[in-house]
Structure formats: C-alpha cells, structure tokens
Amino acid sequence: MLELERTGAVAVLSIDRPDRRNAMDDRLIGRMMEMLRELNSDPGVRAIVLNGAAPGFCAGSDLKFIGRLPLDATRRFEADTGIVARSLGLADKPVVAAVEGFAIGGGFILAVSCDLVVTSAVARWHLPEVPIGWLTPWGLQALIARVGPVRAKALCFGIAPFDGVEARRLRIADHVVPAGEVLAEALRRAQALAQLPTQAAIAGKQFFAPAIMAYAEVRDSLANRLFAENCRHPTAMATLTRYGLAGDAPTE
Amino acid sequence: MLNRRQIGAVSVLTIDRPQRRNALGSDIMRALNDALDNLEFADEVASIVLCAAPPAFCSGSDLKELATMDIAAMCRHEDETARVVRRIGYLEKPVVAAVEGFALGGGVGLAVGCDLIVTHPECRWHMPEVPNGWLPPWALGSLSARVGPVAARRLVWGSEPIDGAEAHRIGLADYLVAKENVEAEAIAIATRLAALPRVAAAATKRFFAPIINGGAEASDALANRIFAENCRDAAAKATLQRFGMRVS
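Protein chains in written order, with our numbering: chain A, 771 to 1022; chain B, 139 to 386.
Heads up, some of the hints might be wrong.
Stated by the list, open to error - Derived SDA-like pairs (lysine to any residue); straight-line CA-CA distance at most 25 Å:
no., chain 1, residue 1, chain 2, residue 2
1, B, 375, A, 862
2, B, 343, A, 995
3, B, 343, A, 931
4, B, 375, B, 205
5, A, 834, A, 931
6, B, 375, A, 972
7, A, 975, B, 175
8, A, 923, B, 348
9, B, 343, A, 981
10, A, 975, B, 349
11, B, 317, B, 140
12, A, 923, B, 345
13, B, 343, A, 980
14, A, 975, B, 345
15, B, 343, A, 1000
16, B, 343, A, 834
17, A, 923, B, 140
18, A, 834, B, 175
19, B, 343, A, 998
20, A, 975, B, 341
21, A, 923, B, 341
22, B, 343, A, 916
23, B, 202, B, 296
24, B, 375, A, 992
25, A, 975, B, 259
26, A, 975, B, 205
27, B, 343, A, 989
28, B, 202, B, 367
29, B, 343, A, 847
30, A, 975, B, 346
31, B, 375, A, 843
32, B, 343, A, 972
33, B, 375, A, 981
34, B, 202, B, 183
35, B, 343, A, 1002
36, A, 975, B, 211
37, A, 975, B, 210
Source of the hints: derived by calculation from the structure; they are not laboratory data.
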C-alpha cells in the first residue's frame, strides 16, 4: 500500500496500489500520515522522496472508495487527506515528488504540495474534478503558491490534461526527465538536499513556510464546504454513484 | 468529561474534569473533536457555548499526562490540540466561551479560539509558559487577532497575570459580568446568535475566517518548533523535571 525504502539519508515513500492506479483511500492516508511523522522525527532522515510505484504517481481520491461513503464521511476523508498534504509543507524535511506516468486530481495536488517536483516529459497531469462535478476539496493553496491564483483557477477548471513538459512551463513541476528516469533524478535531487547543512536547510523551509502555507488550512476548510455543496448536485451524484457501484471503476 | 446539553437551538458543551482542573488532556481534545464533527452537521444546533465545570474554565495542558511523554510526543500532542482548537474557527456556527475562575496557558488558547468570550472581573488570565521556559506552542495567531500583536506579545511573556476586568479592557474578553452570571450570559448571547438568519450568520464567520485564521496553522507550526527547541534549554528542563517529565 505504502512502501518505505531507505537510501542513505534519503527515505523513499512509494504509493503502491497498482490495482487502483495508486489512488488514495483512508487506509493509505492514515499510513502516510504516520510514516511522514516518523520520518520527520528521525534524525537519520534528511530528505524524503514521495513516489508512486508503477503505473504512475497517483490517481487522486479513490472514487470507488468515496463513492460508497455517506457525504459526511467523504468530507472527513478529504479533510484528512488535506492535513497530510499540508504536513508536507509544514514539516522540516524537504520532500521531492517523483511523478512518473500520471498525477491526476488529488495526485496532482499531492505532488505540488512537495518542495520539489520532478516529472517525466510524458507524464499526464490533470485536475478532472470540476468536469466530474466538484471543486478540488483540499491543497489548492499549494497550487496557488506555485503558479499564482489566476493560473491555479484556470487549471482547476480542468479543461484538458497536459504533459510534463507543459507542467514545467506552467511552474507546476521543477524538473523534467525522460520517462523511466524520474525516480533516479528525484533521488539525486533528494541526496543533494540531504547533504546541505541540516540547520540551514530547515531554516530555508521554515522561513518560506508562512509565505507558502498561509491560508492553506482556512482555504481547505472552505474548499471542503464547497465540495460538499457540489456533491449534492446531479453531475457529482451521478459520478459518485457510477464509481461507487461499479466493481472495477477507473479512479480519476 | 465533555458533557453536552441542548437549550433551544444552543448546544452547551461543558468540560467536566474538575480533578484535573479541566486540563486539556488527549481524551478531552478527542471528545471536543468528535463534538465539533457532530455539531457541524446537527441541524438543531445554531450556536454553541463552551464552558467548564467549577472550579474554573481551564488550566491548560495536562501536566500529569505530559509527564509520561518525551519532547517529541509532547510536540505531537500539542500539535493535535492546536488543530482541534483551530477547527472551532472553521465551524460555521458561532461559539461563545464562558470563562470563569481562571484561564491558564492553553486555557487562554482555547478561549481565544472561540468567537466570543464572556468573563468576570476577578477571573485570572495568565500564560505561564514563558516563565516556565518555553513559548506557548499554539494559539498565538488567534490571540494576536484579538488583542493585536504588541499586546499579545506582552501577554505571552506572562510576567504580568491579568484579571477579567483588564482582559475585557484590552479586548481579550468581549463581555464582563458578575461571576455567578457568566454561564447564563454566555447562553443568552448564544441564544441571540441562534436567532440570526443561519445563512447570514454562517457567511459572517466564513468571511472573517481567512482574516482571523489565515496564518494560524503555519504560525502554530512555527510555535511548535520553537517550543521544542525551548524545551531543550536549561530553564525549561528544570521546569519539566519539576513536573516529573523525562528530559534528556
């Protein structure tokens, strides 16, 4: 579900739910929160890579999972996912996202919540939430901090997916490499970060945290509320019903 | 531990742990978090009063519980407490704190996490953290939103405990009534708030949330980190050992 591997001072966390295209459910999120806490208080860990095992980084919230929940429980799940994503920005250790294959919906937002984003040139980036009926319920401050509010809003409309090259041009990703080389590149970047003087590296993250993370929690609370309102409308209800009842639904 | 009763459209939450001076133990915070989950969706509830069983509102962190933790566990506990208190600000129903007797440390933090505060002239308001050797690990943003950053800094130094009359004068509390009337007044205020059109009352809270709480999470995260550093300093270690904590 979530695999941990250590390479020197770098910890690699890999989302591993290939049958659900690495989509997130409550168990994955709970585990991720626990592991991030442990890694952050482990003095032997100086940088973290957030990776997705094949076929790609992460397909967002598992619609098959949330499609079966009552709305209150869905809201709580999305709020908890937001806490995990914000903890990436508030923690002391730098986190590098390794986006191979795809970063869709919550997976897209999870990636931009990291400090550095490495993508493959052909990775598929998309926020499909509004087209399927609801506002992305968390993490939009991280997107705003990267690309500014006007572009963030345009991306939220999710009109069309784009590739890693375009993601870098839009400042969603920091580095582009050919397909298959993302994890190696993310590891190299994380190792370079791990070699920085610890206190100075932490100071770098702490100094920018208020600028990057200000309003993150309050905006998540508003987005969660708007998400709930959206979920009561027919388009969203049709989406949730379709995936909740389907045995083998896609996860976007 | 956390009792709930309904008076009209007002839900009255009472912290009831007098033997621990209503301290903010993990169990109380979990109960408060569950209550907030529930109140959010409870149609019969339009406003909330947060009060405490005698002798007083809240004595802050539960030192007896903290004594079982190391610094990392303590920071994690304070981080969880901070998150639950911030949730009060995001709940779209007004919350009125009835502060009687004393509000110490995290008790001040809990009160300023609420929307309105009722107190009485002799009530003791004090943040003893800095005298103990560490920065309070949360609530400094909401304290600053109430009284302004300069007065907040003075209160955080904690060298001058203040009474309810002074708390009212500087805007730390909104209403000042006789001690025996604090809870009744809080319920009366909450009843008036409950009579407002709900959509407009919720919109008011939603509108001000970014202004009041916009920086709260990042500010709490920073305070938590500074708190951890302070706890490793000699003055703090001496205090922690006096409280029976493990410090290395």
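Violated constraints from the hint list, given by number and in increasing order: Checked against the structure, the hints that fail are numbers 3, 7, 14, 16, 17, 20, 22, 24, 25, 26, 30, 31, 32, 33, 34, while the rest are satisfied.
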